[in-house]
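Residue numbers (numbering that gives the first Met the number 0), protein chains in the order written: chain A, 0 to 174; chain Z, 0 to 120.
Any given hint might turn out to be false.
[What the hints assert, rightly or not] Here are the computed lysine-lysine pairs in the BS3-like style, where the Cα-Cα straight-line distance is at most 25 Å:
#1 Lys44/A <-> Lys55/A
#2 Lys50/Z <-> Lys65/Z
#3 Lys40/Z <-> Lys50/Z
#4 Lys55/A <-> Lys102/Z
#5 Lys112/Z <-> Lys44/A
#6 Lys50/Z <-> Lys44/A
#7 Lys55/A <-> Lys49/Z
#8 Lys40/Z <-> Lys65/Z
#9 Lys49/Z <-> Lys65/Z
#10 Lys118/Z <-> Lys44/A
#11 Lys44/A <-> Lys117/Z
#12 Lys112/Z <-> Lys102/Z
#13 Lys108/Z <-> Lys118/Z
#14 Lys65/Z <-> Lys44/A
#15 Lys117/Z <-> Lys102/Z
[Claimed, not checked] According to the in silico footprint, chain A covers these stretches of chain Z (three or more CB under 8 Å from chain A):
#16 35 to 47
#17 61 to 70
#18 89 to 101
None of these hints come from the bench; they were simulated from the model. Built from N, CA and C at the ideal position, the CB exists for glycine as well.
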Amino acid sequence: MHARSKNEPAPTDNPTTVERKSERELVVTRTFNAPARVVFEAWTKPELLMRWWAPKTFGVSFISCEVDARTGGAYRFVFGHPASEQPMAFFGRYIEVTPHSRLVWTNDEGGAGGPVTTVTFEGRGARTLVVYRDLYPSTEALESAIASGSTSASGFSETFEQLDELLGTLGASAG
Amino acid sequence: MVQYQQARLDASFAALSDPTRRGVLEQLGHCDASITDLAGKFHMTLTGMKKHVGVLEQAGLVTTEKVGRVRTCRLGSRRLEDETAWIERYRQLWAERFDELDKVVEELKGREKIDARKKQE
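Isolated chain A, as found in the complex (with noise of 0.2 Å):
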């Protein structure tokens, strides 16, 4: 147990789901404590995005993160990791922006299996929902990105997250 200091506030107990919707179909659920100007606003400022994306547990770190949000514009998160040489680029496009409620955007880096990307941020009074849907061209691009580990930036980080715990056996087993 360590305490946390008083200036990092505690993550919510809030839980976050996780439910296959359809053949093609992927949605993540979570309830946050603050209106949805406030979380839509943490969704779509870069230097905000850089913070929370890839938390370190994930393994991977920013390299950059460049986003402009509205309706047309391009996003780019480019990540690094100690294990890769090459660093791992993740883009596409805003199809629709509408402030404070809904976002949607393609994930290109895969070529055309990948997913389009939709949040919405539903008020609920002081509270927002977020839910977070990833909608595949096919079955079969579904199950081969679940195939392959590689949804989004998080498939690459799962595999980086076994790495670090492949790493950590091994230290402990050398020590």
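We have chain A; now place chain Z onto it with these hints.
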């Protein structure tokens, strides 16, 4: 065993770092294909595609089988990974990400309060 796992992870990193190889996985997600088919789809020489498939095969992401003169490629054993377990790991990743987002959101809320107070003064 650990060495084997590490070799496999290294192979996975190498395999997934290349856009053509990610494209090949995507393609094989639709249907099995011969090296010749894949070379045609990706506008590459047969030798170039053989190399890419070799890298994917080493990583366990693709298996190949030669029947007569045709080598057919299909997605590897990882496809059989238990989907429920995969979804649970995916959920954990999002939960970690959202815990960080909580902190950012709290800070923004705090800032808004300060700004509102300044305006009142």
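Practice task
List, from low to high, the hint numbers that the structure doesn't satisfy.
Solution key: Those not satisfied are hints 6, 7, 14, 16 and 17.
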